[in-house]
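Here the structure of chain Y is known, so what remains is to put chains B and A in place on it, guided by the hints.
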Amino acid sequence: MTDSTPEKRPGALARAWDSDIAWSFRHSPLAIVAALVSLVIILAAVLAPWIAPHDPFNPASLNLMDGFTPPMEPNAFTGNVYWLGTDNQGRDVFSTILYGARISLFVGFMAVLFAMVLGITLGLIAGYRGGWLDSLLMRVADVQLTFPSILLALLIFGVARGFIPPAYREAMAIWVLIVAIGLSDWVQYARVVRGATMVEKNKEYVQAARVIGAHPAKILVRHILPNVMGPVLVIATIGLALAIIAEATLSFLGVGVPPTQPSLGTLIRIGQGFLFSGEWWILLFPSITLLALALSVNLLGDWLRDALNPRLR
Amino acid sequence: MPDVLLSVEGLTRRFDVSKPWLNRVIEREDRQFLTATADVSFDICKGETFALVGESGSGKSTIAKMIVGLLEPSAGQIRFDGKVMDFASGAAMRALRRRFQMIFQDPFASLNPRWRVGDIIAEPIHTFGLLRGAEVTREVGRLLDLVGLSAADAEKFPHEFSGGQRQRIAIARALSSRPEFIVCDEPTSALDVSVQAQILNLMRDLQDEFGLTYLLISHDLSVVRHMSNRIGVLYLGRLVEVAEAKRLFTEPQHPYTRMLLDAVPDLSLSGRRRTPVTGEIPNPINPPSGCAFHPRCPQVFEPCRHQTPMSTATATGQAACHLLTHDQKAESS
Amino acid sequence: MPALADKAPLLSVRDLVVEFPTRRGVLRALDKVSFDIAEGEVLGMVGESGAGKSLTGAAIIGLLEPPGRIASGEVWLRGERIDNLPRERMRRLRGRRIGMVFQDPLTSLNPLYTVARQLIETIRTHMDVSDTEARNRAVGLLDRVGIPAAARRIDDYPHHFSGGMRQRVVIALALAAEPELVIADEPTTALDVSVQAQIIDVLKEICAERGASVMLITHDMGVIAETADRVAVLYAGRLAEIGPVRDVIQRAEHPYTAGLMGSIPTLTQTAERLTQIPGSMPRLDAIPKGCAFNPRCPRVLERCRIERPELIAREGGRQVACWLYDREAQDA
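Residue numbers (our numbering), protein chains in the order written: chain Y, 13 to 325; chain B, 17 to 349; chain A, 131 to 462.
Simulated from the structure, these hints should not be mistaken for laboratory data. Treat the hints with care, as some may be off.
Using 20 Å as the maximum straight-line C-alpha spacing, the simulated SDA-like pairs for lysine to any residue come out as follows [to be verified]: (1) K419/A <-> T398/A; (2) K334/A <-> V293/B; (3) K35/B <-> S147/Y; (4) K230/Y <-> S105/B; (5) K215/Y <-> Y140/Y; (6) K62/B <-> V20/B; (7) K35/B <-> G142/Y; (8) K62/B <-> R114/B; (9) K262/B <-> T398/A; (10) K215/Y <-> L87/B; (11) K213/Y <-> F31/B; (12) K35/B <-> K230/Y; (13) K230/Y <-> S193/B.
Some chain B residues flagged as far from chain A (calculated, every beta-carbon gap over 10 Å) [said to hold, decoys possible]: (14) F96; (15) A125; (16) R130; (17) A167; (18) E171.
Pulled a few chain A residues facing chain B out of the computed Cβ check, cut under 10 Å [stated by the list, open to error]: (19) L321; (20) H349; (21) S393; (22) I394; (23) T396; (24) L414; (25) I417; (26) Q449.
In this text the structure is predicted, and so the values were computed from the model without any measurement. Note that the Cβ used here is the ideal one computed from N, Cα and C, for glycine as well.
Looking at chain Y on its own, in the form it has when it is part of the complex (with noise of 0.2 Å):
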């Protein structure tokens, strides 16, 4: 019911509790568990070092003796309960997957931001420019879809070990592993920009700015880009879940982060060793951490794609 007295403007807070994208968020049951479980998740890995109950990684605190302990059940020698039990060298596999959805998170949001960056900027500026410049990228991006992405990362890795000194690999590896990731997964980016930079630039409001000879970087920041980014977002948030599982595959391969910083990637590749042996802990919860943060985190891209696009609403 409306009436004609002079509306009041609500604040910022009730415009987005009251917007659309809040609406079909509020009626997705789908959608608030899958943020719910992304959330859990994400929190607990930025607060594992004040919420895990071990820290696996400080050797002085490690117990020889708790090692295979099960989960739930004391170890025969020391007594000591583990919920999710302990691995091979006594560590508690609680905290390591804290630990390591810690280093997989960090490394999935790293990747998606650089290849963000480096999508989105090709992307505007191929499609703003157009011509030659456009066609070079365009095809660049082509030569580089042919390749499986991973098979591209490996690639890069491999050309990155050989020019750092040994002395640094270690150091290194997490950003070599980013910027393979990364470099991976722009031409995505790179082509939804560029897709939708060439329908905006014909837009009035983009005229009109050129009008008053507004500088083409300014264009392309400031009226361009915020008008682009909805596609971007999406592309993101499903990215971050690919971009999680891509590191969790490069480190089962053995070429990602050192095991003395293991990620939900390394701690499976070390747990599948111990399954045949009776030791199904050790392996089982990584992986159940992996899918559930992958699968919530894509789940969630799949609802903001479809809340964005109205034509399936």
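For chains B and A alone, kept in the frame of chain Y given last:
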């Protein structure tokens, strides 16, 4: 003769509409060009409203875009207040750019949806460095007030406004650099008639208040007649007639103008029987030879098919038609 | 009583209500719209964008886009109620008894089929004729709508035709099954002025020739003035005024119609300023109480803010939904 503010001379624009190189080689085709505007010349005097009318493909929007620097002319020259416009020279153009502005057709596309109305209006002020700080806010409020909105609207986003209100915002933005000359490209064709009347009246009031000069681009003859002092009629990129506004409608000189007038639906229910209009606008890629209008012209005769008619002075202005020169010759002999 | 009332109307729309459920509540896009179209009559339907003129057409032919739906009211075609027909029977009725012409000819023509195929298919779906006969009819129709060399051009694809020629093809298609009513929704809006006049002439002539009634939906008063017998003016989903074209245009009674007419620049007017109606049409979620036009009305009464006016019968078969004319109606 009043002062000329904008002078356009021999303005021509060709678009390359060829297929890609490989297709051309395989299909043995030549490059193809679309001449959107051919050799158009006119002057606009200070304080007047000059209108360009034409149907689709007449090149009216192309001319508007060339004048404000959104498109580069293939040939010809544009002078603003006596100075040749050279959009390649950034620094020299800055001072000139402040003095002209453009209002676009679609108020739903001409305002950046992610910007607040205040920022949209202030953009020219910032770009030209006219004011700073609190003065900008005050000026934005004054401009909003001027176009019939309130200063508080500066905080809102474009989607909170109706089409007519958005066009008011676009006008406020155009005025913010205190221009002398505004190109209005179909400013009301996306609006409903009752809103159109509001915008047209507003444009008039602002013209009176600030002594603005307008170039009005429109396909609507009634709007053009209501708003302008002089009218140029375009057909397939060529200026076929220029005349004083009121006289164009009573004494059309070019057969195309006459046909266009006959085609306008008549609201006065005068029951005037119109000459039926025939034919459609030809493809501008391969325009007819000679006078582009000759295949549709009821008074076509031999020279029309081969010779492009030159613009000649008429009682009401000027027109490009062989009939006019032919008659003169016949009379003088 | 006008002569029209003697005969049963061809189309009769009674208290039509169209609603769109949204998450902010149900929006009423059409609110109790009632009108008749007589045999052979051209009824113009005007209004600003969002007034509901296209929706009226869509509701009559059962092509409302979901989630839009007819909430109440009735539509009668020659004594048969058609608003509640099953989907399949409605589909057969469209084309056969009600022809349609839309703004963009490309939406009505399938780009993958030749004009011949589309015309012949339409004719044969609705009429029991042989293939050759259908083709002959199709060529005749194209010829009638003014397509030169129709016998040859019938085998062309839609993209071979110019915009105006395409709209002629659409008119031929709409009339292929000899419908009783043609609903033309902005048939000339996408066309240039010089082509628009030709299309209007063709539409008007061919419908008159075949005795088909026309519901002409447009925002262009000029087109209505030249084409329609009667005109209905919609405002915010409600009928403001309906009556013979000449009366409504020259002596508008509803203040909205009067304002609308004054705001249109014409080729003969001399006024320096156009009459303007302040404000703009309310959005569907903010229609004021009482008369929808009351906040913008120069002659508003106290009553207009409280009570919604019904259509009041006036002289010459005109009806106006305005309280200004209420007392006179009571006296009479």
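For each hint, the structure was consulted:
With a CA separation close to 38 Å, the supplied pair K419/A and T398/A exceeds the 20 Å bound. Under the criterion of a C-alpha separation no larger than 20 Å, the hint pairing K334/A with V293/B is consistent with the structure, at around 15 Å. Distance check on the hinted pair: K35/B and S147/Y sit about 16 Å apart at the alpha-carbon level, within 20 Å; holds. Taken as a hint, the K230/Y and S105/B pair is honoured in the structure, with Cα atoms around 19 Å apart against an allowance of 20 Å.
At most 20 Å may separate the alpha-carbon atoms for a hinted pair to count; K215/Y and Y140/Y meet this at roughly 12 Å. For a cut-off of 20 Å, the pair hint linking K62/B to V20/B stands: about 6 Å separates their Cα positions. Simply put, K35/B and G142/Y have alpha-carbon atoms about 17 Å apart, close enough for the 20 Å limit, and the pair holds. Simply put, K62/B and R114/B have alpha-carbon atoms about 16 Å apart, close enough for the 20 Å limit, and the pair holds.
With a C-alpha separation of about 9 Å, the suggested pair K262/B and T398/A falls inside the 20 Å cut-off, and the hint holds. For the given pair, K215/Y sits about 15 Å from L87/B by alpha-carbon distance, which is consistent with the 20 Å threshold. At most 20 Å may separate the alpha-carbon atoms for a hinted pair to count; K213/Y and F31/B meet this at roughly 19 Å. Taken as a hint, the K35/B and K230/Y pair is broken in the structure, with Cα atoms around 33 Å apart against an allowance of 20 Å.
Among the hinted pairs, K230/Y with S193/B is consistent with the structure: their alpha-carbon atoms are about 18 Å apart, no more than 20 Å. Distance check on F96/B: its Cβ is at least 29 Å (rounded) from any Cβ of chain A, clearing the 10 Å threshold; non-interface status holds. The claim that A125/B is not at the interface with chain A holds, since no C-beta of that chain comes within 10 Å of its own (minimum 16 Å). With a least beta-carbon separation of about 22 Å from chain A, R130/B lies farther than 10 Å from that chain, consistent with its non-interface assignment.
With a least beta-carbon separation of about 19 Å from chain A, A167/B lies farther than 10 Å from that chain, consistent with its non-interface assignment. Every Cβ of chain A is farther than 10 Å from the Cβ of E171/B; the closest lies at roughly 20 Å, confirming the non-interface assignment. Checking L321/A against chain B by beta carbon gives a least distance of about 9 Å; that is within 10 Å, so the hint holds. A distance limit of 10 Å between C-beta atoms decides the matter here; for H349/A the minimum to chain B is near 7 Å, and the interface restraint holds.
Restraint check, S393/A versus chain B: the minimum CB separation of about 3 Å is within 10 Å; hint holds. Taking 10 Å as the C-beta cut-off, the interface hint given for I394/A holds, the closest approach to chain B being about 5 Å. Here the hint on T396/A is kept, as its CB sits about 5 Å from the closest CB of chain B, short of 10 Å. The restraint placing L414/A at the interface with chain B is violated, with a minimum CB-CB distance near 13 Å, outside the 10 Å limit.
Annotation: I417/A was flagged as interfacial toward chain B, and the flag is violated, the nearest CB pair being 14 Å apart, outside 10 Å. Because the smallest distance between the Cβ of Q449/A and any Cβ of chain B comes to about 20 Å, over 10 Å, the interface hint for this residue is violated.
In terms of the numbered hints stated before, the structure departs from hints 1, 12, 24, 25, 26, listed from lowest to highest.
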